[in-house]
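S.K.: Single-letter residue listing:
There are 2 protein chains.
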Amino acid sequence: MKQKRIAIIGCGLIGQAWATVFVRSGHHVTLYDKQDGAALQAVVQIRERLVELHEHGLINSSALQRGHDLLTVASTLKSSVSDADYVQENGPENARIKSELTRDIDRWSPPGTPIGSSTSGIPASVYAEQIDGRSRCLVVHPINPPHLIPVVEIVPAPWTSRSVVDEVKGLLDSVGQVPIILKKEIDGFVVNRLQGALLREAFQLLDQGVASREAIDKAICDGLGIRWSLLGPFETIHLNAPGGVADYVHRFGKMYSEMFEHTNEPADWHAVVSAGLEAELIEQQPLAEIGNAQRARDVALMQLLAARLQGKLEYTTDV
Amino acid sequence: MKQKRIAIIGCGLIGQAWATVFVRSGHHVTLYDKQDGAALQAVVQIRERLVELHEHGLINSSALQRGHDLLTVASTLKSSVSDADYVQENGPENARIKSELTRDIDRWSPPGTPIGSSTSGIPASVYAEQIDGRSRCLVVHPINPPHLIPVVEIVPAPWTSRSVVDEVKGLLDSVGQVPIILKKEIDGFVVNRLQGALLREAFQLLDQGVASREAIDKAICDGLGIRWSLLGPFETIHLNAPGGVADYVHRFGKMYSEMFEHTNEPADWHAVVSAGLEAELIEQQPLAEIGNAQRARDVALMQLLAARLQGKLEYTTDV
Numbered sequence: 001m002k003q004k005r006i007a008i009i010g011c012g013l014i015g016q017a018w019a020t021v022f023v024r025s026g027h028h029v030t031l032y033d034k035q036d037g038a039a040l041q042a043v044v045q046i047r048e049r050l051v052e053l054h055e056h057g058l059i060n061s062s063a064l065q066r067g068h069d070l071l072t073v074a075s076t077l078k079s080s081v082s083d084a085d086y087v088q089e090n091g092p093e094n095a096r097i098k099s100e101l102t103r104d105i106d107r108w109s110p111p112g113t114p115i116g117s118s119t120s121g122i123p124a125s126v127y128a129e130q131i132d133g134r135s136r137c138l139v140v141h142p143i144n145p146p147h148l149i150p151v152v153e154i155v156p157a158p159w160t161s162r163s164v165v166d167e168v169k170g171l172l173d174s175v176g177q178v179p180i181i182l183k184k185e186i187d188g189f190v191v192n193r194l195q196g197a198l199l200r201e202a203f204q205l206l207d208q209g210v211a212s213r214e215a216i217d218k219a220i221c222d223g224l225g226i227r228w229s230l231l232g233p234f235e236t237i238h239l240n241a242p243g244g245v246a247d248y249v250h251r252f253g254k255m256y257s258e259m260f261e262h263t264n265e266p267a268d269w270h271a272v273v274s275a276g277l278e279a280e281l282i283e284q285q286p287l288a289e290i291g292n293a294q295r296a297r298d299v300a301l302m303q304l305l306a307a308r309l310q311g312k313l314e315y316t317t318d319v
Numbered sequence: 001m002k003q004k005r006i007a008i009i010g011c012g013l014i015g016q017a018w019a020t021v022f023v024r025s026g027h028h029v030t031l032y033d034k035q036d037g038a039a040l041q042a043v044v045q046i047r048e049r050l051v052e053l054h055e056h057g058l059i060n061s062s063a064l065q066r067g068h069d070l071l072t073v074a075s076t077l078k079s080s081v082s083d084a085d086y087v088q089e090n091g092p093e094n095a096r097i098k099s100e101l102t103r104d105i106d107r108w109s110p111p112g113t114p115i116g117s118s119t120s121g122i123p124a125s126v127y128a129e130q131i132d133g134r135s136r137c138l139v140v141h142p143i144n145p146p147h148l149i150p151v152v153e154i155v156p157a158p159w160t161s162r163s164v165v166d167e168v169k170g171l172l173d174s175v176g177q178v179p180i181i182l183k184k185e186i187d188g189f190v191v192n193r194l195q196g197a198l199l200r201e202a203f204q205l206l207d208q209g210v211a212s213r214e215a216i217d218k219a220i221c222d223g224l225g226i227r228w229s230l231l232g233p234f235e236t237i238h239l240n241a242p243g244g245v246a247d248y249v250h251r252f253g254k255m256y257s258e259m260f261e262h263t264n265e266p267a268d269w270h271a272v273v274s275a276g277l278e279a280e281l282i283e284q285q286p287l288a289e290i291g292n293a294q295r296a297r298d299v300a301l302m303q304l305l306a307a308r309l310q311g312k313l314e315y316t317t318d319v
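Residue numbers (this note's numbering), protein chains in the order written: chain A, 1 to 319; chain B, 1 to 319.
Don't take each hint at face value.
No copy labels: a pair is met if it fits in one copy or bridges any two.
[As the list claims (entries may be wrong)] Using 27 Å as the maximum straight-line C-alpha spacing, the simulated DSSO-like pairs for lysine-lysine come out as follows:
(1) K78 to K98
(2) K254 to K78
(3) K98 to K254
(4) K98 to K2
(5) K254 to K183
(6) K169 to K2
The hints are simulated quantities; they were obtained by calculation from the structure and are not laboratory data.
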């Protein structure tokens with residue numbers, strides 16, 4: 001694989017994780033953040049992440065050493081993107097700011113270099129409409145934390161060129177991510193729509209007093225989530241009836257549709273939070289310890305990834 | 001722990017998995033199925049499951065040997081439950097049949113023995129209303145396959161006694177399952193309502209041509225499902241904003257509520273199945289190979305469980 005020059009614009013948690021994704025595969029990464037010192041601080045964080053990946057057997061020693069040397073800090077946006085093969089922008093979730101930032105990247109980066117945005121909510125057709133090089137703009141939305149969760153949503157605008165989509169998909173494939181391409185723009189894309197649909201029901205069950213917060217969390221992490229870490233929702237139901245998915249829908253379709261017939265209006269999430277959800281979660285996980293809890297989650301994810309990479313958890317019919 | 005006598009009524013896949021749960025922990029299990037030879041056939045299957053659990057380090061050799069000796073086949077329903085400490089009924093999903101079966105179990109089992117049903121759709125207030133011993137009837141709903149997925153939903157009817165609920169919870173805790181208690185009956189209980197909410201959105205995304213079946217499956221099994229195998233949905237969002245769950249809802253609540261504002265009617269699942277979903281899943285996983293695929297899934301689940309039991313994937317803040 002040819003070594004690429006990747007520009008990471010915006011060096012918060014998501015930018016740092018993206019940088020980790022690219023340097024661990026041997027690409028050169030240039031970091032830029034308009035806040036003084038943020039990019040330099042990010043280098044320290046990214047190096048720590050590489051050390052952790054090495055400790056969990058996810059990268060070897062030479063990749064660890066090499067990773068340290070592949071990070072560069074740029075002092076201006078212009079210099080960070082001027083020779084980039086790919087730009088990943090991680091700016092604030094604000095259409096106007098994102099539009100201006102993308103315009104500047106478009107002005108200063110080599111023509112044809114794809115410009116991906118980590119936005120979880122603003123489609124490229126909104127922030128890139130007025131950009132000269134809009135055909136190379138697209139959403140490249142990761143799941144937090146992207147160096148440990150492989151899925152990435154590629155969401156082109158109607159005018160994004162197919163070759164740009166293919167190039168970004170190829171790059172993500174080559175660094176071990178799992179890119180999925182959306183065929184059209186939609187609010188929340190696919191991942192957050194699926195998460196949102198489940199959260200809506202979870203908030204409603206809590207609001208209606210059907211089960212405790214703890215019970216609902218366990219229903220997922222000791223139940224559905226275990227199965228879903230191996231198989232997607234369609235693959236899951238295909239295996240849950242002797243005649244596959246058609247048989248499953250024949251058996252349970254009516255149950256599922258009746259289940260939601262008498263559904264009230266969705267619960268007010270803010271009200272549920274105030275009524276006790278926040279207090280309970282904070283009791284279990286105080287705000288001051290959220291950083292530690294995130295690191296604990298990431299350690300568990302690395303152990304899970306290590307098991308998957310050893311082929312142990314690969315889903316296969318060859319048994 | 002005192003050895004219990006467990007009666008398993010109905011020896012299909014779910015009954016076999018329940019039997020595996022109880023014998024691997026050293027309880028005595030009596031199997032009954034009204035179909036001639038089914039219980040005897042189930043013994044063979046349960047022994048195979050124990051061998052697999054042993055191969056994956058989930059039970060030791062003595063538990064394997066002991067398990068083989070703890071299985072008994074009863075030739076009548078009456079004899080299967082006459083000295084049972086707990087009865088798990090896995091009959092057909094039909095309210096009338098379940099009602100009659102439960103009446104017979106109630107007649108022949110010792111007074112006070114809890115009678116749990118594996119039903120995924122019929123609340124105890126429906127099938128047990130006319131039963132003399134209805135205070136000991138309740139839904140004890142597992143996720144397939146229950147010997148590998150720990151969550152179990154305990155759903156009491158309004159008249160189920162609290163001591164019966166507590167006794168069943170204690171038994172399930174003691175055999176390594178993760179029981180959750182619902183505070184009220186609701187169609188689909190908690191697990192299938194959460195699964196149904198996600199499936200509804202998945203079917204709609206496919207129907208509207210937003211993404212391919214494969215992309216939607218990957219969004220879960222290479223994305224959200226990985227996180228959800230460690231943390232429930234509330235625990236997940238509590239870690240995804242610096243100020244915890246309240247901050248998360250403040251930042252993203254509007255995005256999620258707007259996401260579903262313009263939602264069309266839910267897709268017709270049967271139509272989606274016919275329009276290509278079935279063909280595609282069958283191409284990947286032919287019906288004749290579903291049995292193999294289920295075994296492959298279960299092998300992957302055992303490897304995941306083994307990693308969890310080694311404490312490797314335990315979620316902890318102590319890092």
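S.K.: Confirm or reject each hint.
M.R.: Now for the hints, and whether the structure bears them out:
1. For a Cα distance limit of 27 Å, the shortest separation of K78 from K98 inside one copy, 16 Å, qualifies, whereas the shortest one across copies, 72 Å, does not.
2. In the homo-oligomer, the alpha carbons of K254 and K78 never lie at most 27 Å apart, since the shortest distance is 58 Å inside one protomer and 35 Å across protomers.
3. For the identical chains of this complex, K98 and K254 are inter-copy neighbours only, at 19 Å across copies versus 45 Å inside a copy, given an alpha-carbon limit of 27 Å.
4. For the identical chains of this complex, K98 and K2 are neighbours neither inside a copy (30 Å) nor across copies (64 Å), given an alpha-carbon limit of 27 Å.
5. Taking the shortest Cα distances, K254 and K183 sit within 27 Å of each other only across copies (24 Å), while inside one copy they are farther apart (29 Å).
6. Taking the shortest Cα distances, K169 and K2 sit within 27 Å of each other inside one copy (15 Å), while across copies they are farther apart (58 Å).
Comparing the model with each numbered hint stated earlier shows that hints 2, 4 do not hold.
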